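A.B. asks: Same order as they appear, the protein sequences are chains A and B.
Using my numbering, count along the first sequence one by one with no gaps and you end on 607.
Using my numbering, count along the second sequence one by one with no gaps and you end on 259.
For the record, the hints were derived by calculation from the structure and aren't laboratory data.
Computed from a predicted model, the values in this text were never measured in an experiment.
Among the hints, erroneous ones may be present.
Said to hold, decoys possible - Quick partial rundown of chain B residues pointing at chain A, CB under 8 Å, derived from the structure:
#, residue
1, L205
2, E209
3, Q227
To be verified - Residues of chain A clear of chain B, computed beta-carbon distances all greater than 12 Å:
#, residue
4, L395
5, S397
6, L416
7, D461
8, R466
9, R469
10, E474
11, D546
12, G557
13, R592
14, P599
15, G602
16, S604
Glycine included, C-beta positions come from ideal geometry on N, C-alpha and C.
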Amino acid sequence: MRGKIIDIHAHIWRGRVREDSALLLRAAERFGIGAIFVSALGSHVPDEEEVRELNDMTGALLREESIFRGYVTVSPEHGNALDVLKRGVEEQGMLGMKLWVSRRCDDACCDRLYRYCADEGVPVLVHTYAKTAGMLPGESTAAELRRAALRFPEVRFIMAHLGGNCYHGVPLIRDVPNVWADFSGSNCREDDLPYAVSMLGAGRILFGTDMPGACAMSLGQALGAGLSEGELELILRRNAAELFPKGGLSDVL
Amino acid sequence: MYYDLSAFAGHWPFRRLRNGEIGAELEHLKKYGIGGGLISSLDAIFYNDPWEADGELAELLREKGFRAAVCVNPDLPHAAAELERHAGSAGAVRLYPGIHGYECPGASELARLAGELGLPVLLTARLEDRRLEYLLRQREVDILKWAELASKTPETRFLFTGFYRGELDMLPDPPENVWADTSGLCHDLFPFEVCAFPADRLVFGSMSPLQCLESAVINVPGELRDGIMGRNPERFLKGEERK
Numbered sequence: 355m356r357g358k359i360i361d362i363h364a365h366i367w368r369g370r371v372r373e374d375s376a377l378l379l380r381a382a383e384r385f386g387i388g389a390i391f392v393s394a395l396g397s398h399v400p401d402e403e404e405v406r407e408l409n410d411m412t413g414a415l416l417r418e419e420s421i422f423r424g425y426v427t428v429s430p431e432h433g434n435a436l437d438v439l440k441r442g443v444e445e446q447g448m449l450g451m452k453l454w455v456s457r458r459c460d461d462a463c464c465d466r467l468y469r470y471c472a473d474e475g476v477p478v479l480v481h482t483y484a485k486t487a488g489m490l491p492g493e494s495t496a497a498e499l500r501r502a503a504l505r506f507p508e509v510r511f512i513m514a515h516l517g518g519n520c521y522h523g524v525p526l527i528r529d530v531p532n533v534w535a536d537f538s539g540s541n542c543r544e545d546d547l548p549y550a551v552s553m554l555g556a557g558r559i560l561f562g563t564d565m566p567g568a569c570a571m572s573l574g575q576a577l578g579a580g581l582s583e584g585e586l587e588l589i590l591r592r593n594a595a596e597l598f599p600k601g602g603l604s605d606v607l
Numbered sequence: 017m018y019y020d021l022s023a024f025a026g027h028w029p030f031r032r033l034r035n036g037e038i039g040a041e042l043e044h045l046k047k048y049g050i051g052g053g054l055i056s057s058l059d060a061i062f063y064n065d066p067w068e069a070d071g072e073l074a075e076l077l078r079e080k081g082f083r084a085a086v087c088v089n090p091d092l093p094h095a096a097a098e099l100e101r102h103a104g105s106a107g108a109v110r111l112y113p114g115i116h117g118y119e120c121p122g123a124s125e126l127a128r129l130a131g132e133l134g135l136p137v138l139l140t141a142r143l144e145d146r147r148l149e150y151l152l153r154q155r156e157v158d159i160l161k162w163a164e165l166a167s168k169t170p171e172t173r174f175l176f177t178g179f180y181r182g183e184l185d186m187l188p189d190p191p192e193n194v195w196a197d198t199s200g201l202c203h204d205l206f207p208f209e210v211c212a213f214p215a216d217r218l219v220f221g222s223m224s225p226l227q228c229l230e231s232a233v234i235n236v237p238g239e240l241r242d243g244i245m246g247r248n249p250e251r252f253l254k255g256e257e258r259k
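With these hints in hand, go ahead and build the complete structure from the sequences.
C.D. replies: Structure representation (structure tokens):
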């Protein structure tokens, strides 16, 4: 494998920033990761103050360690959501928006955020996970992301976790070219990534881990998927660099 | 040589497996220096008579370095008799209580019989992430109850397979005859640094081709591979006591 990997989906948890960032740095060293996109996680339904704290955590990390890139966490139902997004992008150096998980991504309250992301070229990371059991209140699925992406074709969305069950999620975005998919998370099935590549092509798949949750899982899935060198290059590095042109990722490439 | 004590072959009814065919899976394992261990038939789980699939697998594995971990459903009326009849062809017994729907007391006699026959028992926590189940709903497998059963069946070696780290952490001091595999540890970052289960009784298990073999291998740090993928499974298969 040539070059280092770009991980477009990792986290730091509120109250664990030091521990989590240390784990992420160790993982980067061990697994050959050259850039890590992080967003901060906290309560399932955070208030405005908590969201500010989360983004300040991410912002501080970006200033401390050059390996990190950031998503601004935005809870779309908050009255100040657009200001939070603008501050994250324009003042804190965030490159993408992490839509918080407690409100579905096709809810009308997201529209003003998507309009800004379209105007400013800010990719939107959406947690999507259709579960047999244990859906969280407001948790998005691929079906909802499809609706949002069709309404906002100029916004570049990332469907996280291959939508949960990739066999149900990935086909829904096959004909929606402004949606990329990452295979981050704790789903270790051997054939999910090959299936996603067969549906979307390697050009719309992004490497992500969901650290500090998992890391080896995603890397193993990529290396074991039977992909060509060219396909791996796209998935592990080049697609992310193209999706985040302002990410300063040339060193990683 | 490395070992995988929790590999599979066959068909999974809910999705296509690239390496489901036994020849493909053996080649796949070989790429990582895995030349021995236990392989189970996925088909056997769903057959009325599991031996229809397990017999074929045992034959295919002959002289390949691997043994078949044969499926036993204690609820089947002929389970004990069939186990006795086929014990010579089996390398282990594999239980799937989450799929076959029984509680651990129902398996205690079979576990004892397996021990008498010199066969270890693989206890399967789950075969699919429960969030991703399709059509089939697996029942929870309570690790503490099964550990208690194992403690009452001391002549039988148990391998607890597919349990997550949080579950294994509930057994910091497991019964002497209980081992665990690594197939549920892929969900964690640096799991071997924090897992409470005794490291000298952890063995490599991938659950490939259901789960990703490469992920399972990469997850084991280089300095631990000889133990977890080599010495420990050798000791388990030979029935050696804890070192």
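A.B. asks: Run every hint past the structure and note whether it holds.
C.D. replies: Outcome of the hint check:
no. : hint : verdict
1   : L205 : holds (5 Å)
2   : E209 : violated (10 Å)
3   : Q227 : holds (5 Å)
4   : L395 : holds (15 Å)
5   : S397 : holds (21 Å)
6   : L416 : holds (21 Å)
7   : D461 : holds (23 Å)
8   : R466 : holds (32 Å)
9   : R469 : holds (33 Å)
10  : E474 : holds (33 Å)
11  : D546 : violated (9 Å)
12  : G557 : holds (21 Å)
13  : R592 : holds (21 Å)
14  : P599 : holds (29 Å)
15  : G602 : holds (25 Å)
16  : S604 : holds (27 Å)
Checked against the numbered hints given earlier, this structure breaks hints 2 and 11; the rest are met.
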